[in-house]
Structure formats: C-alpha cells, structure tokens
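*Asks:* Here the sequence shown stands for residues 335 to 607, where the numbers follow the numbering used here.
Keep in mind that a hint or two might mislead.
Said to hold, decoys possible - Straight line, CA to CA, 30 angstroms or less: simulated DSSO-like cross-link-like pairs of lysine-lysine:
| id | residue 1 | residue 2 |
| --- | --- | --- |
| 1 | Lys485 | Lys383 |
| 2 | Lys383 | Lys393 |
| 3 | Lys485 | Lys389 |
| 4 | Lys485 | Lys393 |
Read the hints as simulated data drawn from the structure, not as lab findings.
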Amino acid sequence: MKSRFYAYNFGIPLLCAAVVFLMFDMTNIDIAFSNLLFDPLTDTFPLDKIHFFEKLTHKWARIIPNWTAEIALIGAMLSLVWPLVKPQKHPRLGGFLERGKVAPVLRFTADHRRDFLFVVVAFAVCTGVIHFLKAHTSVYCPIETTLYGGKMPHIEWYNNFQLFHEAGEGRCWPGGHASGGFTMLALYFVARRYQWRFSSALLWGSLLLGFVYGTTRVLQGWHYMSHTFWAGIFVWLACLLTALAFYGRARLELPVLSKRERKVFGAQPEVSL
335 MKSRFYAYNF GIPLLCAAVV FLMFDMTNID IAFSNLLFDP LTDTFPLDKI HFFEKLTHKW
395 ARIIPNWTAE IALIGAMLSL VWPLVKPQKH PRLGGFLERG KVAPVLRFTA DHRRDFLFVV
455 VAFAVCTGVI HFLKAHTSVY CPIETTLYGG KMPHIEWYNN FQLFHEAGEG RCWPGGHASG
515 GFTMLALYFV ARRYQWRFSS ALLWGSLLLG FVYGTTRVLQ GWHYMSHTFW AGIFVWLACL
575 LTALAFYGRA RLELPVLSKR ERKVFGAQPE VSL
C-alpha cells in the first residue's frame, strides 16, 4: 500500500514532467501552437485585444480560488473562537450564541480547524513555489519576446535557472493564472481525508479548472501551453507534500467510502489541531 501510494501520487506527476519536458521544452511545439494564434498582419494575438475576454477569463475567474482562500482563512480564525467561549463555563454566552445561530458555525469551524488551516497553508505553499520558480527562471511571456513583436529574447527555463538568486525580471514560467485554478486541488486532499465519494470529482474538476485558466492565457499570448502543464505538476506536488504534513499518508490512502459505507462506518474526522 505504501509503495503504491507513493508510486501513484509522486510517480505519475514526475512521469508527466518528463513527458512535458521532452515533448514541449525540447521541441518547438509550444511556438508552433502559439504561431497559430498570432496574427502577423496586426502583429498581435487577437484575443488579447478583447476587453471582455480578458475580464471574464483573467479578472473574474480569480474569484473562485480567491474566495476559497478567504473562506478558509476566515474559517481558520473562527475555529479559535469556540474553545475560548467555553459554553460549559459560560452558559449564558453559549445560550446567546445558540439562539443567534452562531454556535453551530463556531462548532463546525472548531471541528474542522485542521482542514481550514491545511487549505490556507496549501494555497500559500503553492503560491510561494510558483513565485520562486518565476523569479529564478526569468522567462518572458511570448507576447513580450521578439518572436511576437516584443523586445525580450525567447529563453527556455532550464537555460536560465538560478537556484540561489533571481535570474532576471521575467515572470512567465510556470503559468501563474493556471496555478490559481490548480490550487483548488487542496480541496481534493480534504475530501480524501474524509474518504468522500466525490473526491475524484474534485480532483478532475480542479485539474480542468487549472487547464482552462492556463489555456485562456495561451490564447492571449501570455503563456505557452507547456507553462500550464508545469504549473499543474508543481501545484500537485506542493499540495501533496502539504497534505502529507497535515494528515499523514495512512489517512490519505484510505479507500473512498460509498454513501452506504459512510452510514455504517461513520468516517469520523480526527481530533482538530
């Protein structure tokens, strides 16, 4: 079970990384695809000039991961309130909160403190990893390079990687907008902790969201397609390592329970932090 867990959760993304590197980074597929989207007559990516497309796919789309992170942060803070209330010692205060329908919310957040904190930390770790890679590879976006009317040279990330200091001002690899969608993978690991039968839906939904986010930026000339795949790989690994730190492998590798099995076995959460 242990070897299977690591082979599946680490082996598949590492295999995907090798495929992406060989298929995209070592060839001109990225450039060939972006060439199809570029209009040499106007020297632009046409979709980059459509204001509504930019607002819909880049500005408004951020609501999903942003609100998820904000809800998790609020939940983590509220989870500290119920233990401080101590309704056994302060029955009047407890009764007031019960009448105001606040107590159930506070109890819920307290019971799931570990999960709220996990989502907050996972989002932070994913963001940190992506920002680190952007700063330490200094890759410029297609639209910024001389290939598509820009002023900066086209450079592959592996030719410019610097481990201990920033490599330059470019901030295009991996895809930042795509990573925002992929960070929703954190919810998949929460679902796996509780053996929810819809965990696979969260997994594929998060991957689809990140892919859609990344593809829209490719259509606008602000990323190559491989940037989206790299973002997904790094975000998955960041979420996985964070989940292992919070929940442990034994909890994450438990089989998903059906609706009937959940009623029989209960699938109770662990004690919160």
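*Asks:* Evaluate each hint against the coordinates.
*Replies:* For each hint, the structure was consulted:
Taking the CA atoms of Lys485 and Lys383, the gap is near 19 angstroms; set against the 30 angstroms cutoff, the hint holds. Distance check on the hinted pair: Lys383 and Lys393 sit about 15 angstroms apart at the alpha-carbon level, within 30 angstroms; holds. Annotation: proposed proximity of Lys485 to Lys389 holds, straight-line Cα distance about 26 angstroms (limit 30 angstroms). With a C-alpha separation of about 26 angstroms, the suggested pairing of Lys485 with Lys393 holds against the 30 angstroms cut-off.
Violated hints for the displayed structure: none, as all numbered hints are satisfied.
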